[in-house]
Amino acid sequence: MRRGLTTFNIVSLVIGFGFLYLPIILLVIYSFNASRLVTVWGGFSTKWYASLLRNEQLLDAIWVTFRVGLISATIATVLGTFAAVALVRAGRFKGRTLFSGMIFAPLVMPEVILGLSLLLLFVSLGMPRGFWTVTVSHATVTMCYAAVVIQARLAAFDRQLEEAAQDLGCPPIKAFFAVTLPNIAPAVAAAWMLAFTLSLDDLVIASFTSGPGATTLPMRIYSQVRLGVSPEINAVSTLLIGLVATGVIAAYLLQMRRRSEA
Amino acid sequence: MTERSRPRLNIGAVRSTFAPWADPAAKPLVRFENVVKRFDGDTAVGGVSLDIYPGEFFALLGPSGCGKTTLMRLLAGFETPDSGRVTLAGEDLAGKRPHERPVNMMFQSYALFPHLSVERNIAFGLKQQGMPKDQIADRVTEMLALVRLEGLARRKPHQLSGGQRQRVALARAIAPRPMMLLLDEPLAALDKKLREETQFELMALQQQLGMTFLIVTHDQEEAMVTADRIAVMRSGKIVQIGRPADVYEAPNSRYVADFIGDVNIFEGKTEFADGTTVRMASGEAPGGFDIIEDDLLEVGSTAWLAVRPEKIEVHLDEPPAGPNRMAGKIADIGYLGDWTTYLVELDSGRTIRAARANATRFVDRPVDWDDQVWLTFARDAGVVLTQ
Numbered sequence: 001m002r003r004g005l006t007t008f009n010i011v012s013l014v015i016g017f018g019f020l021y022l023p024i025i026l027l028v029i030y031s032f033n034a035s036r037l038v039t040v041w042g043g044f045s046t047k048w049y050a051s052l053l054r055n056e057q058l059l060d061a062i063w064v065t066f067r068v069g070l071i072s073a074t075i076a077t078v079l080g081t082f083a084a085v086a087l088v089r090a091g092r093f094k095g096r097t098l099f100s101g102m103i104f105a106p107l108v109m110p111e112v113i114l115g116l117s118l119l120l121l122f123v124s125l126g127m128p129r130g131f132w133t134v135t136v137s138h139a140t141v142t143m144c145y146a147a148v149v150i151q152a153r154l155a156a157f158d159r160q161l162e163e164a165a166q167d168l169g170c171p172p173i174k175a176f177f178a179v180t181l182p183n184i185a186p187a188v189a190a191a192w193m194l195a196f197t198l199s200l201d202d203l204v205i206a207s208f209t210s211g212p213g214a215t216t217l218p219m220r221i222y223s224q225v226r227l228g229v230s231p232e233i234n235a236v237s238t239l240l241i242g243l244v245a246t247g248v249i250a251a252y253l254l255q256m257r258r259r260s261e262a
Numbered sequence: 263m264t265e266r267s268r269p270r271l272n273i274g275a276v277r278s279t280f281a282p283w284a285d286p287a288a289k290p291l292v293r294f295e296n297v298v299k300r301f302d303g304d305t306a307v308g309g310v311s312l313d314i315y316p317g318e319f320f321a322l323l324g325p326s327g328c329g330k331t332t333l334m335r336l337l338a339g340f341e342t343p344d345s346g347r348v349t350l351a352g353e354d355l356a357g358k359r360p361h362e363r364p365v366n367m368m369f370q371s372y373a374l375f376p377h378l379s380v381e382r383n384i385a386f387g388l389k390q391q392g393m394p395k396d397q398i399a400d401r402v403t404e405m406l407a408l409v410r411l412e413g414l415a416r417r418k419p420h421q422l423s424g425g426q427r428q429r430v431a432l433a434r435a436i437a438p439r440p441m442m443l444l445l446d447e448p449l450a451a452l453d454k455k456l457r458e459e460t461q462f463e464l465m466a467l468q469q470q471l472g473m474t475f476l477i478v479t480h481d482q483e484e485a486m487v488t489a490d491r492i493a494v495m496r497s498g499k500i501v502q503i504g505r506p507a508d509v510y511e512a513p514n515s516r517y518v519a520d521f522i523g524d525v526n527i528f529e530g531k532t533e534f535a536d537g538t539t540v541r542m543a544s545g546e547a548p549g550g551f552d553i554i555e556d557d558l559l560e561v562g563s564t565a566w567l568a569v570r571p572e573k574i575e576v577h578l579d580e581p582p583a584g585p586n587r588m589a590g591k592i593a594d595i596g597y598l599g600d601w602t603t604y605l606v607e608l609d610s611g612r613t614i615r616a617a618r619a620n621a622t623r624f625v626d627r628p629v630d631w632d633d634q635v636w637l638t639f640a641r642d643a644g645v646v647l648t649q
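Residue numbers (our numbering), protein chains in the order written: chain A, 1 to 262; chain B, 263 to 649.
None of these hints come from the bench; they were simulated from the model.
A few of these clues could be false.
As the list claims (entries may be wrong) - DEER-style ranges, computed between Cβ atoms:
1) A/Leu181 x B/Gly309: 32 to 42 Å
2) A/Arg92 x B/Glu463: 19 to 29 Å
3) B/Gly309 x A/Ala155: 46 to 56 Å
4) A/Phe82 x B/Thr342: 49 to 59 Å
Unchecked claim - Taking lysine-lysine pairs in the DSSO-like style, the calculated list, with each CA pair at most 27 Å apart, reads:
5) B/Lys573 x A/Lys174
6) B/Lys455 x A/Lys174
7) B/Lys358 x A/Lys174
As the structure is a computational prediction, the values presented were derived from the model and not from experiment.
Just so it is clear, CB atoms sit at the ideal spot from N, CA and C, and this is done for glycine as well.
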């Protein structure tokens with residue numbers, strides 16, 4: 001049997017990866033451009049990174065985004081865990097299908113509609129839009145993703161472990177924390193990472209639910225780009241890519257180590 | 263469930279003086295009172311009453327789906343009875359949740375906590391009791407020695423062999439010194455040799471700890487070897503309770519006779535019964551059957567005679583005519599080393615199973631396929647069953 005890559009494979013890989021990564025590579029390269037003009041290469045420079053550090057507006061947006069991400073991902077993970085436990089453990093309770101449908105519906109719902117409905121809710125509640133409305137909105141939407149990830153792991157978890165813990169004198173809720181949680185921890189961590197990432201790069205929902213003083217990074221980038229692409233945006237995007245890539249690689253290595261232990 | 267009284271005959275090859283169930287003053291540790299449990303309309307346990315005494319090694323034996331595991335889970339608290347009562351040391355267990363019951367269970371899958379080391383698995387129950395740290399350490403060391411796992415304290419469950427995991431599960435369940443240990447098919451995952459060894463280890467351990475053990479198994483050999491008494495279950499009901507020898511030698515029904523060990527069952531009509539002997543007419547044996555049996559059976563009724571293969575003798579020379587004698591032809595031979603099983607096709611067309619211990623290395627005349635043989639058995643070899 002022939003092994004290795006055929007010409008067809010190579011061509012499809014080049015085209016596929018080209019579409020995916022060429023724009024990103026360009027962006028990274030131009031973040032080191034000495035020229036202010038985005039399309040003209042004016043020599044290597046890191047001055048945009050330096051000027052980024054002096055751009056209060058961008059730094060503020062980064063700080064807001066991280067706070068929103070951390071808090072909303074944590075809320076989403078906790079709620080998602082509860083939802084997953086209810087779905088996997090409660091068996092066939094009345095309205096289970098409706099419940100699971102309602103949990104998973106936001107996965108396929110257009111973000112614009114989610115954002116709009118959340119905005120309407122906050123308006124009718126008379127809540128001033130700002131940091132907390134974005135955070136709550138992100139938690140609401142990413143909770144569904146967290147629930148899906150955790151549910152998959154929980155379904156494969158041997159229920160008898162919890163029974164064994166109870167049998168040895170551990171009350172049910174304590175048994176969940178002492179036995180179930182440590183065993184589904186990788187999925188919980190993965191769910192948190194997913195929720196954090198989703199929050200990090202959300203533009204649509206944040207645009208609807210944010211208010212003055214709570215501009216997230218994607219919102220800031222988007223509004224600046226409308227006025228023309230600045231090399232500072234390239235620099236902040238490069239940093240963001242670096243951060244996400246580091247996170248993904250770290251998670252992968254962690255998982256590999258866990259697997260080789262197991 | 264009444265046990266048959268046989269005042270003149272000693273049943274079985276084992277003599278045991280431990281028999282609290284025969285003592286009217288003895289108080290049971292566990293009492294099931296007419297317990298019923300249904301799942302979605304299917305009756306898993308259909309009215310079971312059962313007493314288990316302190317220090318007893320009790321076995322629930324039956325095919326899968328007979329309700330034996332449900333009965334155990336009712337005791338552990340993972341199921342609640344639809345009606346009836348379960349008491350432990352005189353105390354009603356209703357409303358007590360699993361973690362409040364002083365019984366521990368060893369799960370069929372062992373259910374070891376994968377994220378904890380062997381020693382922390384064993385310490386888990388002790389921690390829940392709030393035992394001080396140094397005492398926990400002592401108890402864990404003691405338990406590891408008891409199940410011979412001294413060097414493996416820091417291993418994780420996935421680094422252990424099946425037999426070692428089984429011993430960790432056992433140590434974890436007995437470490438908190440429960441009033442009673444429940445074992446759900448504890449040896450099912452082990453290979454045959456290890457299973458046999460472990461059966462004897464379990465018995466020794468139970469004696470050493472003086473703990474009451476309840477074992478659930480579908481393996482009759484496991485139940486026979488380990489238990490003081492066996493309850494044979496069928497479709498959610500107990501059909502017979504007795505010592506292993508009672509259940510084997512004096513089954514009360516064709517179901518029990520057939521479930522425990524091999525058995526040949528002959529149908530016949532009782533011709534004579536006087537409380538010491540029963541005579542039966544049967545198409546299988548021209549001379550009829552003549553059995554020592556102290557039950558007074560109604561003459562002329564249909565009855566079944568159950569005879570174990572090892573109690574049937576195979577003759578190559580024709581024995582004198584008389585009762586308990588059948589003629590046939592060797593249809594098949596199964597040589598097991600210690601035993602040889604003969605399948606004998608009778609003149610009536612039925613196939614009978616006879617077994618012989620291979621007590622010597624040499625025989626004068628080996629038995630061959632298609633040999634004409636005669637089968638006989640002693641008057642005390644069979645048991646007459648009416649249901």
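Verification of the hints:
Between A/Leu181 and B/Gly309, the C-beta spacing of about 41 Å keeps the proposed range 32 to 42 Å intact. For A/Arg92 paired with B/Glu463, a C-beta distance near 42 Å fails the hint of 19 to 29 Å. B/Gly309 and A/Ala155 have their C-beta atoms about 36 Å apart, which leaves the hinted 46 to 56 Å range violated. Remark: the range hint 49 to 59 Å for A/Phe82 to B/Thr342 is contradicted by a beta-carbon distance near 25 Å.
Restraint check for B/Lys573 and A/Lys174: not satisfied, since their Cα atoms lie roughly 57 Å apart, outside the 27 Å limit. Between the alpha carbons of B/Lys455 and A/Lys174 the distance comes to roughly 39 Å, so the proposed pair goes past 27 Å and is violated. Under the criterion of a C-alpha separation no larger than 27 Å, the hint pairing B/Lys358 with A/Lys174 is consistent with the structure, at around 17 Å.
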